[in-house]
Each structure stands twice: as structure tokens, then as C-alpha cells.
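There are 4 protein chains.
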Amino acid sequence: MNDTLQIANKTFHSRLFTGTGKFSSVQTMKEAVFASESELVTVALKRVEVSNHADDMLVHLNAPHLHLLPNTSGVRMAKEAVFAAQLAREALETNWVKLEIHPDPKYLLPDSIETLAAAEELVKLGFVVMPYIHADPVLCKRLEEVGAQCVMPLGAPIGSNKGLKTSDFLEIIIEQSNVPVIVDAGIGAPSHAAHAMELGADAVLVNTAIAVSQNPVEMAKAFKMAVEAGRIAYKAKLAPERKHAEASSPLTSFLNT
Amino acid sequence: MNDTLQIANKTFHSRLFTGTGKFSSVQTMKEAVFASESELVTVALKRVEVSNHADDMLVHLNAPHLHLLPNTSGVRMAKEAVFAAQLAREALETNWVKLEIHPDPKYLLPDSIETLAAAEELVKLGFVVMPYIHADPVLCKRLEEVGAQCVMPLGAPIGSNKGLKTSDFLEIIIEQSNVPVIVDAGIGAPSHAAHAMELGADAVLVNTAIAVSQNPVEMAKAFKMAVEAGRIAYKAKLAPERKHAEASSPLTSFLNT
Amino acid sequence: MNDTLQIANKTFHSRLFTGTGKFSSVQTMKEAVFASESELVTVALKRVEVSNHADDMLVHLNAPHLHLLPNTSGVRMAKEAVFAAQLAREALETNWVKLEIHPDPKYLLPDSIETLAAAEELVKLGFVVMPYIHADPVLCKRLEEVGAQCVMPLGAPIGSNKGLKTSDFLEIIIEQSNVPVIVDAGIGAPSHAAHAMELGADAVLVNTAIAVSQNPVEMAKAFKMAVEAGRIAYKAKLAPERKHAEASSPLTSFLNT
Amino acid sequence: MNDTLQIANKTFHSRLFTGTGKFSSVQTMKEAVFASESELVTVALKRVEVSNHADDMLVHLNAPHLHLLPNTSGVRMAKEAVFAAQLAREALETNWVKLEIHPDPKYLLPDSIETLAAAEELVKLGFVVMPYIHADPVLCKRLEEVGAQCVMPLGAPIGSNKGLKTSDFLEIIIEQSNVPVIVDAGIGAPSHAAHAMELGADAVLVNTAIAVSQNPVEMAKAFKMAVEAGRIAYKAKLAPERKHAEASSPLTSFLNT
Chain A
-3 MNDTLQIANK TFHSRLFTGT GKFSSVQTMK EAVFASESEL VTVALKRVEV SNHADDMLVH
57 LNAPHLHLLP NTSGVRMAKE AVFAAQLARE ALETNWVKLE IHPDPKYLLP DSIETLAAAE
117 ELVKLGFVVM PYIHADPVLC KRLEEVGAQC VMPLGAPIGS NKGLKTSDFL EIIIEQSNVP
177 VIVDAGIGAP SHAAHAMELG ADAVLVNTAI AVSQNPVEMA KAFKMAVEAG RIAYKAKLAP
237 ERKHAEASSP LTSFLNT
Chain B
-3 MNDTLQIANK TFHSRLFTGT GKFSSVQTMK EAVFASESEL VTVALKRVEV SNHADDMLVH
57 LNAPHLHLLP NTSGVRMAKE AVFAAQLARE ALETNWVKLE IHPDPKYLLP DSIETLAAAE
117 ELVKLGFVVM PYIHADPVLC KRLEEVGAQC VMPLGAPIGS NKGLKTSDFL EIIIEQSNVP
177 VIVDAGIGAP SHAAHAMELG ADAVLVNTAI AVSQNPVEMA KAFKMAVEAG RIAYKAKLAP
237 ERKHAEASSP LTSFLNT
Chain C
-3 MNDTLQIANK TFHSRLFTGT GKFSSVQTMK EAVFASESEL VTVALKRVEV SNHADDMLVH
57 LNAPHLHLLP NTSGVRMAKE AVFAAQLARE ALETNWVKLE IHPDPKYLLP DSIETLAAAE
117 ELVKLGFVVM PYIHADPVLC KRLEEVGAQC VMPLGAPIGS NKGLKTSDFL EIIIEQSNVP
177 VIVDAGIGAP SHAAHAMELG ADAVLVNTAI AVSQNPVEMA KAFKMAVEAG RIAYKAKLAP
237 ERKHAEASSP LTSFLNT
Chain D
-3 MNDTLQIANK TFHSRLFTGT GKFSSVQTMK EAVFASESEL VTVALKRVEV SNHADDMLVH
57 LNAPHLHLLP NTSGVRMAKE AVFAAQLARE ALETNWVKLE IHPDPKYLLP DSIETLAAAE
117 ELVKLGFVVM PYIHADPVLC KRLEEVGAQC VMPLGAPIGS NKGLKTSDFL EIIIEQSNVP
177 VIVDAGIGAP SHAAHAMELG ADAVLVNTAI AVSQNPVEMA KAFKMAVEAG RIAYKAKLAP
237 ERKHAEASSP LTSFLNT
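Protein chains in written order, with this note's numbering: chain A, -3 to 253; chain B, -3 to 253; chain C, -3 to 253; chain D, -3 to 253.
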């Protein structure tokens, strides 16, 4: 199937993006990431030994098909995010950045104002910016206008595993967006990932649900298949919801003859 | 993966059961059924030329891996269902029957009382009985007690494509059942099928959602993958829903050093 | 407002039915029942000293506007239910009975088969039968046919406080029923009760949600108001769900003049 | 009940705020507003003849208990909103303003960035600012920090009547907010309004659902009651959702004695 996803200068065959956090070991993380067949993997800058190129995790994820996506998780404002992105660019030799700004340590919800400001600045500095944000359709358009190469609206509070609580808003975002829409946060089960793809999302990012499963490698496979299933269903077009069954002719007449 | 499903004397490698109704052509139906990799396909008795063994549809579905499951769709009471099952046994040379009794032609919802009565009688007559019923946990136990080899509770009104509206009850049925639980009716998208499998259902039956899609063959593939994804996720164990994110250490301290 | 509910020979001004179980004291129960302005209150037969007319609880609920509705909670089959109803008729001098048959002590879900059998028998014995059942539209029609004076489908598993999980089925039941439809079980908040009434239910029965609240008397008032609100809304007709806002003319042109 | 709501210098006895749009006639609007017992009614600036104090609508809504709340509906950016608010202050002699900035005429969703900027400016200009926004917890805190006297997060897209689709986020907002939280947009039924209040919202704003009902005056009463019911339930504390019924002792032992 020739159904690839283009973001900036990269072409992705997989529409499942993953992460590296919360795994019980680096070895399990590596195996799960490979099993997912993901081609884009977020790495928290704080987990990277920025001064040490031979960082353990990075060695493990060294593969031609795999792009690392540093994220700014932990920063609280635009200025910190820009600084973190610059550090990451040096450390990881990539100008891609997943922009996460969340001042609240309890729910880790994104700050719309600071995220837009940082996105605008980072685009000017030559970054490929992938912003994690609320399912806020107007904000998504603004991010697109300042040059973000995609938008990453949340499905539910991060780490909640509740699925697409924001689906009414995601549908509007997908309808209006000219850049790829990647659902991030809240996806706790393969069925949620399939749901996002069925709505027309271009990709999903899943980390916690794989990492904290009892069997992360198997769960990674399950997500891979569910994302593909949802994508195929989107292209083949789902039947609409309906109130009635279509009445079929009763067998009775047949039985009575 | 050695994760098969046993019903009576048959072993299934696929946990996706399909149907033959509502396709635009017999050719499309055949291709979709094969693409689904389903090993059990329901056939409405009224669509079969019972006096003619060379019935067109049956020829098309003639394959070693494929078992035909005649259904009694259209009957309104136990007596008619028993008669229909007997006709089907002769016509299709199988003692398997999907028991569907729905007196109401608008919503095609099952009749609990007649279904239990017919199931009991059909078991005595040597049938392998697969009853389509409400997501009624007590009824499911009763059907198991009279010898039904599985139960097939609905997820939502048939043809509605609304997904697992009955999930609270399906969870109880799955918890209590000693026979396979196959979710039937209401599954309108691969994400719904994955959801059923994640809950612990043993299989799902999907017909309308494949048949009325714009591309039934592709949709059949999508359902196949989603069912497998849901099954793998069930075995690998999903993370629970949670209210908070797990607070991660702020990057700020790092940035400030 | 002259919007009364008729069941058998009784006319109800209140569409909120209540119960007597799970209260912390008889005094609190009494106050909550009176605050609810309910005119029909279920009493578990097992809580009544059947040989003693001066039973404490009955004395407390002795008021002209209040009808006692003995229920058969705890029985496991039709035969037991009929016997219990007869005991109740003698003890409480009423031929009304809330028919509850639930063989499973964990989820207390109703047994469709035994409930229909008992309803038929009790109607013949001159009882006004109010059966607690699944949200099973075909079963509801059958109960109506054997003479049940109303049907009492559940909204969610009893005691779960989850609200109207069965709303898709309740809508069908309400559309098809010729007897009053009273939503029983699952209603855990006034908003759930209002929802049931908005769908067109004729009444709701609420017990646990009032009894186990921190302030049962206040909660009883809240339910009373919510039921009335939902009923008024049903009669005044709700606006349908829509996808878009209706575009309003921009203020901009005005500002620019 | 002495349970009032304080916003800036005003004390409200009613927690239902209403609007004046979409009614079939001014007379119906007036009657519905009075029936709602609302004390705060939004008025679109564009509907007011700003140069004419004797504007028809304003005369109708002239009552001691009723405060007019001009809204900036139709503006697309902060600058326009500030100008509109100033016009309204002159025309209606009030420094209260409902801040609505929605650049998209199809879904009328709020612009987070412009809303925060306008709120900050308007507070400096001495306005009591009530901002209509996404259910974005971080944005709500920022609005509080710049001096907004309340926050008005949406429950669902405006005019959709879908209820509290954002409830997971509303719960976080309510938990974190130091200013009143008023749920605005999406409330299409009294049950939705009750739900918002049960979650702990301080008030709700309802316009479309009353105005386009077949009987706006009755619907206004229904909302009034539902809001009160939800508030009482919140204070009396709802029982939590649970998975099981609490097993009660079987009646059988009693019957067998």
C-alpha cells in the first residue's frame, strides 16, 4: 500500500509514533519500539545525557528507519522550550522537536499561549515543530499559520488511557487542518488508536499504554495493527450510525409455503 | 501464535466471524469473506436455495477453511427456528446453527424467551447452537446450562453501527461465562471490534459494517487486523484508566544547572 | 400542571418512585421519602415483619398520599416470587407487587425467563405487576401482553450509579410500549433521572442514590426537582443535537461602519 | 437556602444564566427569561441599537433583578473585542462583558490567544470580564491570573446540544479554579445542566436550548429546576459509580422457614 505520511522532509510508512518513557528497562523499550515498526520515537531531553553522544538509550535506538524526536517535556514556558530545543538539536543532531509546555505538574496539560509563542520562534530558528496541544481547533489553525509542520491535539488527559474524549473537537480539527493531525495523549488501547485513525487522523502517538502494559512488545504489535486497521477503514469509508435495522423480509412466508 | 478458539468440535484460528448479507454482489461478498480470513460465515437460510445443492452462493464459499453457519434470521418463534434449523441441516449438511429469533421487523431485536426454548430443543436434536441474544448476563448463563456452545450477545441494535453500547453488561457476561462469548450486532468499525476483544470477548461477528462499506474487501482486512490487535492487547493486558498523569520531574532544574 | 401518571387504578402526581433500603436510619428514610414527594415506595418483603402489622417501618410510612409497593427482591425463581407476592398481599393489604427475580447475588440482574413466567401467573392471581427487567424491548412487549401494568427496565447494573447506559434500548422500549415505562436501577444522579424523563420515560425509581448520599433528605429533593425538570423538557421538546453552530452575522461589519 | 454566587460586586441567587438570541419573538424571549428566574442575561451587542437607549429589547428586559451582560459575539480578535466592550459600556451602562472571540464562523469556537489578550486589556480598563473559552485548564488559570472574574469553559461545540463532552477537563478546571466556573455552550437539555452542577460548576449559561425548544417558557422552567437540582446534589454529595451491587441477603432463607 502506497499510503505514506509526509512531514517536512521525511516520509513515514508507519502512522504510529511512539515514545521511550516509563518502560521497565531499556531492553524492553528497544524491543517494543522495534515491534511497533514506528519510524518516529520521542525522547525526553531530560533523559538524554546531552553531553555524551554515546548515551545508552540512543545507542539502542540507532537504526536507519528510526528517527528520534526530542521533546521538551518538563518545561513551563516558551523561553525554556526554545532553549531545550536548541540543546536537543546539538545533542541529537536533529532539527525536529516535539513541543510540550505544561506548567502544571499534576495533569501535564499543555499551555496554549506559550506553545504558540514557542512554535513561532522555533519555526524561525529552522526547527520542524510538532506541538502537543489541546483539541482546540482555532489554536490548531494558528499553529499551522506560524509554520508548525503538524498539530498534535490530545485525546484525553495525558496518562489517563481514557481514549478519544475530545472526538467532537478532533473531527473539526481534521476537517479544517492543512497539516497532518496526530492524536497524542489519552490513547490507552488499540481500539482508541483505531478510532483516531477512523476519524481521519494522520497518525497517533502512543507511549504510556505500550510501556506500562504487562507485555510491552506484544502491546506494541497490537497498536501497530490497530493503527493500520483504522487507516484502512478510514480510506474504505465506514458505514454511518443508524437508528434502525434495515427490515429484511420475514422467513415466515418461506416457511409457510 | 497458538491462540485458537474451540467451539464444539471445530478449532478456529480467526476470531472474526462474518456474514453474507447486504453485499452489492456475490463476487464482492466472496472476496471480502476471503480477505477477512474468517473461518465461519453465516448464511441466511432464506437466501439459500434449499432444494438446490449447487446454489450459487454456496459454490462461491466452497473452501476447506470456511465453515458455513446457517442462521434462522426472519423467524419469529422457537417452533419456526427449529424447523428452519432442520431444513438448513439437510440443505447445507451442517448441524451448526446461528439461532436468531426476532419478532419485530423494525429493530430485529432478539426474543429472549423463544431463543432459550429453541436453544434447548435444538441442543436435544444434536445441533451446535450459537444464539444471538441481548447482553443479558442471566440469560447467557441459562443458555449455557441448556447446552448452547457459545453465546452471542449484541453490542448495540443490529445495523446501528454504534459500537459497544452494552459494554457494562458484556463485561459481566465475559466474567461469568464458561462458553465462548461472541459479540454480535452493533459493531460498525474496526475500533469497535478491537474494543470487544480488549474486553475479553472470544470472537466478534461482523457483517453489515463490511458489506455496506465503500470498499468491502479493504474493510474486511481492516476488521481482521483490528480483531487480532484487540486479542493481543487483551492477552498483553491494558493499562487501567487513571485520573492523573504520573508527575515527571521538571526539566527546569536540569535547565537551570 | 395536570400531568398525572395512571397505573392500574391509581393516579400519581409524582413521577419519582423511591425505596426504603440502605438508609442509615428509619428516621432518615422517612424524611427522605417525604422530601421526595414520592407516592409509591418499594419495601423489600424481607424487611417487613409479615406477621406484625405494627411493623416499625410501615408505621413510619403511613400517610394518605403514600402507597407501599412490596418487592420480591431476593427470590431466585418464579415460584418463589409468586409465594412472596402472596405473603406481601396479606401482610400489607395491597395487590401491587414489584417483581424482582435475580438469581445472581453479585450483580442482582433480573432473570428474563422467570420474570415473564411469574408476571403471567401473578396477573392471573389479580396482582398489579410491576416487573424489573433488562432493557429488552421484545421482553417488554411480552410482559405487556401477559398483563403487566408497566415495565421497569434497568438503566445500568443495579447499584452502579452509572446512569442510562441502556439509552439506545430505552428509546425503543418507550417508542413501542403501551404501558408506562419506569426506569429502574442505575440512576445515580439527578441528571440521570432528568435524562430518563427527557427520553420519554413515564417515571423513574431511585433508591440507592438517595439513601447512600451524605444528605439523603436534600438528595431526595434534588431528585424530585430533576424528575419534574426532565418531564417538562420532554413535553416542551428538546432541540436536536447538531454538528454546527448556526452561523451568526459577524459583528465586524457593524464595527467597521 | 443561603447558597449565593458572588461575581465581582454582584450576588446571584440563580445559577442559571441565559441569553436573548434565537427566540421566535421578543415577547417569547421576555417570558422565557423571566420564567428561568435568571438574574444575568447576555445580549449580543450587534442586536442592541447602541445609539438608542429605548431599544425595544432592553425595555423588555428592564427589571430590578435582571442584569444585562453584553457579549462580544461576532468579533474576531482582541482589538475588536475591546472596542465592542467599550461601546457596550456606554450603551448599556455596565462594565460587565461576556468576552467571545471566534474567528471561525462555522463552529464559533473561541480563540484562546486573543481571548487572553483581550481579557488582560479589559481588566485594566475596569471591566468585569467573563471569558467564553475552551475547556482548557491551563488557559483558565491564566485568565484568572490576569483578573478575569470567572471562566466560562464550553461543554461541547456551541449550538450542538451535545452536553458535557468536555467533562474530564471541566473536572480539572473546577478542581483548580479560584474564580467561579460557568459552563457555557453545548448544554442542550436540563439533564446536561444538572450534570454540570453535579460536577461542581458554579453556574451554567443556556441560550439555544431554551430559545429553539417548542415551548421556550416551559423549557426555561425545566432548566431552572435542573440547575437547582444539580446544585443541591453537589452539596449533598453523590454516591460514587460502582461495579457491583451490594449483595443483599437472599429472601430464600426467609421463604424456607
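In case anyone wonders, no lab produced these hints; they're calculated from the structure. Accuracy of the hints is not assured; some may be wrong.
Where chains are identical, the list cannot tell them apart; a pair therefore holds if satisfied intra-copy or between any two copies.
Said to hold, decoys possible - With a Cα cut of at most 25 angstroms, we get these calculated BS3-like pairs of lysine-lysine:
no.	residue 1	residue 2
1	K137	K26
2	K102	K137
3	K120	K239
4	K239	K6
5	K233	K18
6	K75	K233
7	K120	K158
8	K26	K120
9	K18	K120
Values in this document were obtained by computation on a predicted structure and should not be read as measured data.
Now the hints, each set against the structure:
{"no.": "1", "hint": "K137 x K26", "in the structure": "neither (35 angstroms within a copy, 39 angstroms between copies)"}
{"no.": "2", "hint": "K102 x K137", "in the structure": "between (28 angstroms within a copy, 14 angstroms between copies)"}
{"no.": "3", "hint": "K120 x K239", "in the structure": "neither (51 angstroms within a copy, 37 angstroms between copies)"}
{"no.": "4", "hint": "K239 x K6", "in the structure": "neither (43 angstroms within a copy, 35 angstroms between copies)"}
{"no.": "5", "hint": "K233 x K18", "in the structure": "between (36 angstroms within a copy, 16 angstroms between copies)"}
{"no.": "6", "hint": "K75 x K233", "in the structure": "neither (43 angstroms within a copy, 40 angstroms between copies)"}
{"no.": "7", "hint": "K120 x K158", "in the structure": "neither (36 angstroms within a copy, 40 angstroms between copies)"}
{"no.": "8", "hint": "K26 x K120", "in the structure": "neither (34 angstroms within a copy, 54 angstroms between copies)"}
{"no.": "9", "hint": "K18 x K120", "in the structure": "neither (33 angstroms within a copy, 45 angstroms between copies)"}
Checked against the numbered hints given earlier, the structure breaks hints 1, 3, 4, 6, 7, 8 and 9 and satisfies all the rest.
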